[in-house]
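Asks: Single-letter residue listing:
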Amino acid sequence: MQATFRVLRYNPEKDNKPHFEDYTLDVHPTMTVLDVLHQIKWNYDGTLSFRRSCAHGICGSDGIKINGKNALACSILLKVINLKKVVTIEPLPHFPIIKDLIVDMTDFYQKLETVKPYLIVNNPAPVEGERRQSNEDAEKLFESAKCILCACCTTSCPSTWSDENYLGPAALLKAYRFVFDTRDEASDERLDIIDTPDGAWRCHTIFNCNACCPKEINITWHISQLKKAVSTREL
Amino acid sequence: MIHKYDVLIVGAGGAGLRAAVEIPKEYTCAVISKVFPTRSHTGTAQGGVCAALANEEDDSWEYHAFDTVKGSDYLGDQDSIEVMCQDAVRAVIELEHMGVPFSRTPDGKIAQRQFGGHTKPENPNDPNSRRLPVKRACYSADRTGHVMLHTLYENCLKNQVKFFSEYFVTDLILEDNICKGIVTIDIATSEIHVFHAKTVMFATGGFGRVFRITSNAHVGTGDGCALVYNAGLPLEDMEFFQFHPTGLWRLGILVSEAARGEGGILRNKDGERFMERYAPTVKDLAPRDMVSRAILTEIREGRGILGSDGTYYINLDLMHLGKKLIDEKLPEITGFARTYLGVEPTKESVPIQPTAHYAMGGIPTNVDAEVIADEKGTIVKGFYSAGECACVSVHGGNRLGTNSLLDIVVFGRRGGKKMVEYLKNAEHTEFKVDPAEKTRTLLDGVLNKKGTENIAKIRREMQEVMMDKCGIFRNEKELGEALVKIRELKERYCNASIQDKGVIFNMDLMEAIELENMLELAETIVVSAAVRTESRGAHSREDFPKRDDVNWMKHTFIWKPEDGKDSEIKYKPVTITRYKPMERKY
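Heads up: the sequence lines are chains U and A, in that order.
Heads up: the first sequence is residues 0 to 234, going by numbering that gives the first Met the number 0.
Heads up: the second sequence is residues 0 to 585, going by numbering that gives the first Met the number 0.
Take these hints with a grain of salt, some might be off.
Not the full set, but computed from the structure, chain A residues with beta-carbon under 8 Å of chain U [as the list claims (entries may be wrong)]: (1) 42; (2) 96; (3) 97; (4) 98; (5) 100; (6) 108; (7) 145; (8) 154; (9) 177; (10) 216; (11) 378; (12) 493; (13) 494; (14) 497.
These are computed hints drawn from the structure, not numbers from a lab.
For glycine and all other residues, C-beta sits at the position ideal for the given N, C-alpha and C.
Using the sequences plus the hints, can you model the full thing?
Replies: Structure follows, in structure tokens:
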């Protein structure tokens, strides 16, 4: 069958501003949107540029906007898209476009670093063996540890759009990953970082992040746990 | 632009990041990667990282070493294997201390599961007794590589390691057997950046993209291996490429061995558990080379299942495991089956086929990750390599599952330590010629190509011929045909042009250079496979079906030929310590 894809194109070397171009090609329902992009690139227009690597939803390289919703190009099959209408493909919103579907993620990565995204322990590790942790406590981290840093959540969030200093859902999720790790000893430090108007409190539970997370992480719930931890900690 | 660093690490997967963590603050260290670090292919590893922690049952590093030697079909160097397996326990505990969120046992230790080829003797007092599967793979659900990669990256952030993400390495500067640095392109601008360094480590990953059906990421194009080869250094054991038995049918996306470790069963079109015929003791948990051959044999003998597109597959049956176990322990891979094949693993079998997965061969190194220049073990000064791109060789003819995540942290760290030792007396050695010159020529060449050939088409043809004629089963006739084809493709590459002539994020340019790299490697694989007239591990010759220990207990070293000549091949004997070669039965 045939389908038409309206792809946002922008080459700063040539274009004053981004514009759309339409590509009509033969497709089948089991193709992914990434397959479509490759088809366009390899068969029609070699200048089309996008990021991708693993092609099965783990590396987090190919977050884009498909028919208005953020998603990974490699994880959306055509069978879930209405191909009777033109399919619109754009870069992730909010971030500056470098070229075509490639955006500048510097701000995203910097905000991630703000929450001290690493295990902090002051007490020395046991001389022999692992730090003990119950499986129940470990599993509390698993959903947040699934995050692949694709930025679908952060760039879908209206709070991100309106407040350039907002840490954003991905960075807050990373904060959760360590605040609730029973091995970590810097929860308080991290809660101080997120207990600000631009931190956890800027989350207005709009749920856009949840709606588009390719790993189906309930990000809003995780942020609510951070808010709870901030509200209930000792003064 | 010229940058100066004490340590330069190319590749930000597990090996590169683990090496970076090892470099103390008094030395300057930069990590170069063509993708942002957490996009590296380590993140796709699923099932586990092995170590004889004995958290779930009795185990010992010697059993692990025995399994690795046997799994390698006796091609692995036993001294290196002993080092790795002995260090495994410390390495995994260290990962836990760094913050990896492992699944846990009821008493809070790191949880472990069974994996292919990992066994222990039924009678601990008799090492020659029947061997049974053992729980040795430490895991975090089925996202072990993902959490390891992220944890290592996080530890690099903590140590303030300097990253150059989306820089593409184009040249290795090697003069008088001293490694002096590398040349890169900043992908965002196409600017050439020279990195002048006292030590360089290549942790550049594998090259599964040489094959049509592969579990490997698009970035897995073997750039590091190709640069080493082009610089006049040898590559080792290139004929040994592992096909993982369970890739999703047609797509090659990996379905971890953990699926079988947790009890999944392979079935042919009659519903028969055919692995009982090929490996009566460990059945579905036989090593990957054996299971892949068994699958292909079933299909060839008419017991495959005919798919909608006329190709055949085998079923992976997980249904009896129950929804709870599947959701808890195999969420990611069952998600792949749902998303990509529309199959519900709790109710239907998952269609699978073998997929090109892992390069056992690569840049020859010693046990301290020092790159060696020849079969005698001559060290290249200041040059190190670790991870899939390197060949220590701990995996020999066939890697056991979970040994790759172990390899990267053990040898990444050892390489890091050795670099620090070397730095005590190291200097920045001046370049004799302009290091950027070759890259300038390369860029001009690719950008100004005017031919009619198409990069994507040449790549496709290479991937198909490698899959069809240099895959799981090989023979002299088809390898000969493959070689002719690869050389034809190399000629055609010279007449290929790219459409994108710009400087900003020129993905067309990257793909062209990557193809050039892959064509070189494809040739080394075919040539090495053609000279090895025996079957061992992942290298199965239909015309030489037996392992030949008399003539072939040796590693293949291949050098790039001068124009018009045949490749130079030499051999290095396998190091044997205590494990005598024996027939490989499971």
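Asks: Each hint: holds or not?
Replies: Each hint, compared with the structure:
1. Taking 8 Å as the C-beta contact cut-off toward chain U, the hint placing residue 42 of chain A at the interface holds, the least distance being around 5 Å.
2. With its C-beta approaching chain U no nearer than about 4 Å, residue 96 of chain A sits inside the 8 Å limit, and its interface hint holds.
3. Hint status for residue 97 of chain A relative to chain U: holds, with the closest Cβ pair at about 7 Å, below 8 Å.
4. Nearest Cβ of chain U to the Cβ of residue 98 of chain A: about 3 Å, under the 8 Å cut. The hint holds.
5. Annotation: residue 100 of chain A was flagged as interfacial toward chain U, and the flag holds, the nearest CB pair being 5 Å apart, inside 8 Å.
6. The beta carbon of residue 108 of chain A is positioned within 8 Å of a beta carbon in chain U (closest approach about 6 Å), and the interface hint is therefore held.
7. With its C-beta approaching chain U no nearer than about 6 Å, residue 145 of chain A sits inside the 8 Å limit, and its interface hint holds.
8. The criterion of a C-beta within 8 Å of any C-beta in chain U is met by residue 154 of chain A, whose closest approach is roughly 6 Å, and the hint holds.
9. Because the closest C-beta pair between residue 177 of chain A and chain U is about 33 Å apart, greater than 8 Å, the hint is violated.
10. Residue-level restraint check for residue 216 of chain A holds (minimum Cβ-Cβ distance to chain U is 4 Å; threshold 8 Å).
11. Below 8 Å, beta-carbon pairs count as interface contacts, and residue 378 of chain A has none with chain U, the closest being about 33 Å; its hint is therefore violated.
12. Interface restraint check for residue 493 of chain A: the shortest CB-CB distance to chain U comes to about 18 Å, outside 8 Å, so the restraint is violated.
13. The beta carbon of residue 494 of chain A comes no nearer than 16 Å to any beta carbon in chain U, farther than 8 Å, and the hint placing it at the interface is violated.
14. Because the beta carbon of residue 497 of chain A sits about 6 Å from the nearest beta carbon in chain U, less than 8 Å, this interface hint is met.
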